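Engineer: These are the residues of each chain, in order.
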Amino acid sequence: MSDIIYMDHNATTPMAPEVLEAMVPWLREGYGNPSSIYRLAQEAREAVETAREKVADLLGADPSEIYFTSGGTEANNWAIKGVAWAAKEKGTHIITSKIEHHSILNVCRYLEGLGFRVTWADVDRYGLVDIDQISDSITDQTILISIMFANNEVGTIEPVEEIARLAKERGIPFHTDAVQVVGKLPLNVGELGVDLLSLSGHKFYGPKGIGALYIRKGTKLHPFHHGGEHERGMRAGTENVPGIVGLGKACQMAQEGIEDEERVKGLRNRLWEGLSSRIDDILLNGHPERRLAGTLNLCVKYVEGESMLLNLDMEGIAASSGSACTSGSLEPSHVLTAMGIPPEVAHGSLRFSLGRKTTEEEVEKVIEVLPPIVEKLRAISPFGKRRPL
Amino acid sequence: MADLVAVAMSGGVDSGVAAALLKKKGHQVVGLTMLLWGEGSRCCSPQEVRAARRIAQKLAIPHYTLDLRPSFQREVVDYFVAEYKRGRTPNPCAICNQRIKFGLLLRKALSLGAKRLATGHYARLEAHNGRLSLQKGVDAQKDQSYFLARLDRRTLGSILFPIGGLEKGEVRELAQKLGLALEGKRESQEVCFLPPGGVAPFLKERLGSGKTKITDRGGRVLGTTDNPYGFTLGQRRGLKVAEGKPLYVLEIKPMEEIVLGEERDLYAKMLWATQPNWIEEEPLGKARVWVKIRSRQEPSPAVIEPQGGRVRVRFDSPQRAITPGQLAVFYQGEKVLGSGWIEEVG
Numbered sequence: 001m002s003d004i005i006y007m008d009h010n011a012t013t014p015m016a017p018e019v020l021e022a023m024v025p026w027l028r029e030g031y032g033n034p035s036s037i038y039r040l041a042q043e044a045r046e047a048v049e050t051a052r053e054k055v056a057d058l059l060g061a062d063p064s065e066i067y068f069t070s071g072g073t074e075a076n077n078w079a080i081k082g083v084a085w086a087a088k089e090k091g092t093h094i095i096t097s098k099i100e101h102h103s104i105l106n107v108c109r110y111l112e113g114l115g116f117r118v119t120w121a122d123v124d125r126y127g128l129v130d131i132d133q134i135s136d137s138i139t140d141q142t143i144l145i146s147i148m149f150a151n152n153e154v155g156t157i158e159p160v161e162e163i164a165r166l167a168k169e170r171g172i173p174f175h176t177d178a179v180q181v182v183g184k185l186p187l188n189v190g191e192l193g194v195d196l197l198s199l200s201g202h203k204f205y206g207p208k209g210i211g212a213l214y215i216r217k218g219t220k221l222h223p224f225h226h227g228g229e230h231e232r233g234m235r236a237g238t239e240n241v242p243g244i245v246g247l248g249k250a251c252q253m254a255q256e257g258i259e260d261e262e263r264v265k266g267l268r269n270r271l272w273e274g275l276s277s278r279i280d281d282i283l284l285n286g287h288p289e290r291r292l293a294g295t296l297n298l299c300v301k302y303v304e305g306e307s308m309l310l311n312l313d314m315e316g317i318a319a320s321s322g323s324a325c326t327s328g329s330l331e332p333s334h335v336l337t338a339m340g341i342p343p344e345v346a347h348g349s350l351r352f353s354l355g356r357k358t359t360e361e362e363v364e365k366v367i368e369v370l371p372p373i374v375e376k377l378r379a380i381s382p383f384g385k386r387r388p389l
Numbered sequence: 001m002a003d004l005v006a007v008a009m010s011g012g013v014d015s016g017v018a019a020a021l022l023k024k025k026g027h028q029v030v031g032l033t034m035l036l037w038g039e040g041s042r043c044c045s046p047q048e049v050r051a052a053r054r055i056a057q058k059l060a061i062p063h064y065t066l067d068l069r070p071s072f073q074r075e076v077v078d079y080f081v082a083e084y085k086r087g088r089t090p091n092p093c094a095i096c097n098q099r100i101k102f103g104l105l106l107r108k109a110l111s112l113g114a115k116r117l118a119t120g121h122y123a124r125l126e127a128h129n130g131r132l133s134l135q136k137g138v139d140a141q142k143d144q145s146y147f148l149a150r151l152d153r154r155t156l157g158s159i160l161f162p163i164g165g166l167e168k169g170e171v172r173e174l175a176q177k178l179g180l181a182l183e184g185k186r187e188s189q190e191v192c193f194l195p196p197g198g199v200a201p202f203l204k205e206r207l208g209s210g211k212t213k214i215t216d217r218g219g220r221v222l223g224t225t226d227n228p229y230g231f232t233l234g235q236r237r238g239l240k241v242a243e244g245k246p247l248y249v250l251e252i253k254p255m256e257e258i259v260l261g262e263e264r265d266l267y268a269k270m271l272w273a274t275q276p277n278w279i280e281e282e283p284l285g286k287a288r289v290w291v292k293i294r295s296r297q298e299p300s301p302a303v304i305e306p307q308g309g310r311v312r313v314r315f316d317s318p319q320r321a322i323t324p325g326q327l328a329v330f331y332q333g334e335k336v337l338g339s340g341w342i343e344e345v346g
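Just so you know, the sequences run in chain order A and E.
Okay, so the first sequence: first residue is 1 according to this note's numbering, each after it adds one.
Okay, so the second sequence: first residue is 1 according to this note's numbering, each after it adds one.
Just to be clear, a hint being listed does not mean it is correct.
As the list claims (entries may be wrong) - When the alpha-carbon atoms are kept at most 25 Å apart in a straight line, the in silico DSS-like pairs for lysine-lysine are as follows:
hint: 1; chain 1: E; residue 1: K115; chain 2: A; residue 2: K376
hint: 2; chain 1: A; residue 1: K301; chain 2: E; residue 2: K253
hint: 3; chain 1: E; residue 1: K240; chain 2: E; residue 2: K253
hint: 4; chain 1: A; residue 1: K90; chain 2: A; residue 2: K217
hint: 5; chain 1: A; residue 1: K88; chain 2: A; residue 2: K217
hint: 6; chain 1: A; residue 1: K208; chain 2: A; residue 2: K168
Think of the hints as simulated: they come from the structure by calculation, not from any bench.
The model shown is predicted, which means the values in this text are computed figures rather than measured ones.
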């Protein structure tokens, strides 16, 4: 496991040693339940609230607007369902896009089944959402707009500020799934004008099983878990103290080290340059400029993504094809499909996502290893060059 | 670097031991497990995938799970249902071996860079003067060559059967020694994708139901059934007719009639097999061979004769319940000569 070249940071990141260190006391002696009255518990409460401040600081929010969840999926579920349930009297129309994460897509499909109407906004060939379509589809029945900040598969950064402005003008709550952005790009919820924002700890060197939903003061939504008075009555369940502390630490570290993105971007560009100059019939997916620094999604024609992945793994390189949640399926990526990429090309997609620890040597190694794999796969493809599996 | 061999790992001990033997021989080994079916079945479902992964971890070999469910549905399950719909008794294992395991999975293995695909089948591949032959497994009780008789020579060239030369007992001992015995799932024998309720409800769900007459050979109606699918020739149980003597299924025409008769009516001496697959040289005329007409039955002596894309099989003695849809596999001693699908009897 040790000498793996890890190029799948959009799936998850290695936890920073400092994060682990910050968590350990709360897994050992600091086991108090933050809701209790004695000192042991008070310390845990203090740790939770300090972490909340750190999360709030990173987002430019007030700590009272941060609600801890079990991760990005729960935050997304809560944002959509919570608003939908609270606004049922007002209307039943939701606007989202075709390239959202499944924790948005499938929640909206679920609500469709309950009688809500969903507008699935299109994207262009770079994965940018069609703002005019969003604007045109707004009605007096529209209760929520949810558009992701940056796409997990191709890395395209959406014009959330514009969409937030549009939503505000029409008096509609706006949610953004910022799971791929928080900790990578500086962001300020006040300047952005979003009402709800989801984040996840393990996407930026924090622990798994912890995330948060930012809820702007005054935004109407129902609680997600019912039970005790935790999280101001909005999310019942004893706090995951070590996870929350870890998330706080990860936020603090991100705030201190966000400039690292320029270095990551340089490596990512070198990777693309190296691969595209050595492999024929290779296409870049996602926006050439408006894109997460670490994400490189490409299609290699006439080769199956899965075969490349397994070959890369045998060379000690961990990458992905599509998002981790869907790479087990044979359907071409819904994101690439929405971008108008034909299925036979989409099947040859590969995603490298670089991170803090990625080195130049690792990038050069991938540039050296992938082209012969592609050549080999193209040569032995039983279907010939024109028809991949 | 040593040659890379992919091993199809089902989660059972046979394929686990096969992988272990290859590794011991110095091959670079990668385990592949097919996810074929998701509903509470016994084989190649998520639980078996987990068992396979545990075995691979124990053997310290890389292991990947490949989701082949859509292909399995299309190539095997749809075929299975369609055969029953026609009143025939399908052989999904032979089809799966041909189209999925040594079709799609083999192609995936080769595209991974593997030189061969190995499985835990009880069968042997022997080369004589550069010519490969498919032979029965050493363990006569476990021999699975019957299910492999649809493979062509070119495909066989890319396959290894590491445990084909072992008895089941030896494999079990090896598994014990390697600490795989506890990891392995239980033996796969029945049709892997059928739920515990068996074939009838599975077919009913897919083909619906409808009244079908149960008659005797003279056309006399003995009763009716609501579930016309899932009958097999020679079947006696579950007919729900009381005629004072044991009756057996002689003929199946779903949604029309199921014809019953006595035990002796089940016997026939001749069959026609279609789509012959010759692993050895096709006989130029008549050839004396041994023919196996179902998996759990010893081969019987017969004379075969290829005739215009079909093969006529004439047994020395009458055979019970020759079943359309099953394979007729032709053996010469240990060797598989070829096979054909049983099309008609007599």
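Engineer: Hints first: check each against the structure and report whether it holds.
Structural biologist: These are the hints, each one checked on the structure:
1. For the proposed pair K115 of chain E and K376 of chain A, the alpha carbon gap of about 13 Å is at most 25 Å, so the pair holds.
2. Distance hint between K301 of chain A and K253 of chain E is unfulfilled; the C-alpha atoms sit about 49 Å from each other, more than 25 Å.
3. Straight-line distance between C-alpha atoms of K240 of chain E and K253 of chain E comes to about 18 Å, which keeps the hinted pair within the 25 Å bound.
4. At most 25 Å may separate the alpha-carbon atoms for a hinted pair to count; K90 of chain A and K217 of chain A meet this at roughly 19 Å.
5. Note on K88 of chain A and K217 of chain A: the hinted pairing holds, with a Cα-Cα distance of about 20 Å set against a maximum of 25 Å.
6. Proposed proximity of K208 of chain A and K168 of chain A is contradicted: the alpha carbons are some 33 Å apart, above 25 Å.
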